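Residue numbers (this note's numbering), protein chains in the order written: chain A, 1 to 178; chain B, 1 to 202.
In short, the hints are calculated from the structure, not lab data.
Careful: at least some of the hints might be erroneous.
[Said to hold, decoys possible] Now the in silico label distances, taken between C-beta atoms and shown as ranges: (1) S88(B) with L116(A): 57 to 63 Å; (2) R42(B) with A112(A): 27 to 33 Å; (3) G96(A) with D18(B): 50 to 56 Å; (4) T11(A) with G181(B): 53 to 59 Å; (5) R10(A) with K24(B): 19 to 25 Å; (6) L44(A) with E39(B): 42 to 48 Å; (7) N170(B) with S169(A): 27 to 33 Å.
Predicted model only: the values in this text are computed from it and were never measured.
Positions of the beta carbon are idealized from the N, C-alpha and C atoms, including for glycine.
Listed here are the chains, written in short residue letters.
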Amino acid sequence: MIFWQKLKGRTQSPPRVGIREIFWSWFSSFAGLAAVGFTHYRFLEPHGMILILGSFGASAVLIYGAIRSPLAQPRNLMGGHMLSAFVGVTAFRIAGTEPWFAAALAVSTSIALMHLTRTLHPPGGATALIAVIGGDGIHNLGYLYVLIPTGLGALIMLLIALILNNLPSYRRYPEFWW
Amino acid sequence: MTVRQSPICFQPALSDRDVMDAMKAIEGYIDITPSDFREIYRLAFRHAIDRVLHTASARQIMTPDPHVIPMDMNLMEAAGILARARISGAPVVDPVFRVTGVVSEKDFLTAFGLDPSASFMQIIRHCLLSQECFQPSTGKDTVSAIISRPAITAGPDASLSLLSGLMSENRINRIPIVDYGGKAIGIVTRGDLTHAIAALKP
Numbered sequence: 001m002i003f004w005q006k007l008k009g010r011t012q013s014p015p016r017v018g019i020r021e022i023f024w025s026w027f028s029s030f031a032g033l034a035a036v037g038f039t040h041y042r043f044l045e046p047h048g049m050i051l052i053l054g055s056f057g058a059s060a061v062l063i064y065g066a067i068r069s070p071l072a073q074p075r076n077l078m079g080g081h082m083l084s085a086f087v088g089v090t091a092f093r094i095a096g097t098e099p100w101f102a103a104a105l106a107v108s109t110s111i112a113l114m115h116l117t118r119t120l121h122p123p124g125g126a127t128a129l130i131a132v133i134g135g136d137g138i139h140n141l142g143y144l145y146v147l148i149p150t151g152l153g154a155l156i157m158l159l160i161a162l163i164l165n166n167l168p169s170y171r172r173y174p175e176f177w178w
Numbered sequence: 001m002t003v004r005q006s007p008i009c010f011q012p013a014l015s016d017r018d019v020m021d022a023m024k025a026i027e028g029y030i031d032i033t034p035s036d037f038r039e040i041y042r043l044a045f046r047h048a049i050d051r052v053l054h055t056a057s058a059r060q061i062m063t064p065d066p067h068v069i070p071m072d073m074n075l076m077e078a079a080g081i082l083a084r085a086r087i088s089g090a091p092v093v094d095p096v097f098r099v100t101g102v103v104s105e106k107d108f109l110t111a112f113g114l115d116p117s118a119s120f121m122q123i124i125r126h127c128l129l130s131q132e133c134f135q136p137s138t139g140k141d142t143v144s145a146i147i148s149r150p151a152i153t154a155g156p157d158a159s160l161s162l163l164s165g166l167m168s169e170n171r172i173n174r175i176p177i178v179d180y181g182g183k184a185i186g187i188v189t190r191g192d193l194t195h196a197i198a199a200l201k202p
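Using the sequences provided together with the hints, build the complete structure.
The following block contains the structure:
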């Protein structure tokens, strides 16, 4: 009975944010993804390099749309992505012949290590997964995947966040560095 | 008696609505549910109270140099001291000023054959009906005959949690604070404890 009781939930959803917050979330995430995407498509892709990752879409939600969240702080953004990238590449190296196993190992180990290092950043789980399921283009990068695209892409997104999240007087970022 | 205003806001009950309104006032997205907030608030408040109860000491909240009453004083004089000082109880001391007990209004009521929890009106009625109103029972004419013993005392470094425990376990309202020689250097009443906690406005 307690189980069913728990399933009913116990509280309500947080309130909808104001129109200013919606605008700034939209504007800064547009700029952040534009910066990473532009660099990727104009400068790197023609040379066979990668900068944009699916997991950056998720990071944008946090670092432009929920900027107070502990999950959205620079330590979590950079640490979560790079640690998970390392775990993902390692998981593929160890168990790449059984992709289902490598995928599960990569994501679960990333979560555990992000918790352990206080760098929990949900998109990190996607970064780890991409290291396994990303195809030959990603696999051929080896551990470079940790630095480019993961580290560099996250860093560009972070720089945009540091500038744009502090433009409106009522917003501030980060809450903490370390 | 000087009555200090004590704002009783010991554990303000927050509603989900209060928390939602506060979250709306903060414009950014707060990724926490209202009930998470209330839980953190409840635990943090409890923690703050525990911290004060365990770190603040009797010395910080006591009234220093309290009125004391010699144990061989007769009841009339003792009542005079309490009345002039506008207090309802005081430490009782032996000839070398060591605390041997506490005398309070309740002890007087008991000595006069009244229920110690008697109300003022009950006392008036008793006096109107009885010719020997306020004649102490035989042999009970000095303070030492009517006081509560043994004295429940504490040292100046006793924590507030120890003091409040002593008060509720012994059902007493004041604790003399004594030095190592047993001499009264202060007194802590229930009111002092309440004020110390009420000062903890969240």
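Consistency of the hints with the structure:
Taking 57 to 63 Å as the suggested C-beta distance range, the pair S88(B) and L116(A) conforms, at roughly 59 Å. Here the CB-CB span from R42(B) to A112(A) is close to 30 Å, well matched to the stated 27 to 33 Å. Checked against the hint of 50 to 56 Å, the pair G96(A) and D18(B) passes, with Cβ atoms roughly 53 Å apart. For T11(A) paired with G181(B), a C-beta distance near 58 Å keeps the hint of 53 to 59 Å intact.
For R10(A) and K24(B), the hinted distance range of 19 to 25 Å is satisfied, since their beta carbons lie about 20 Å from each other. The supplied range of 42 to 48 Å is met by L44(A) and E39(B), whose beta-carbon atoms lie about 47 Å from each other. The beta-carbon spacing between N170(B) and S169(A), approximately 58 Å, falls outside the hinted interval of 27 to 33 Å.
Violated hint for the displayed structure: number 7, the only one.
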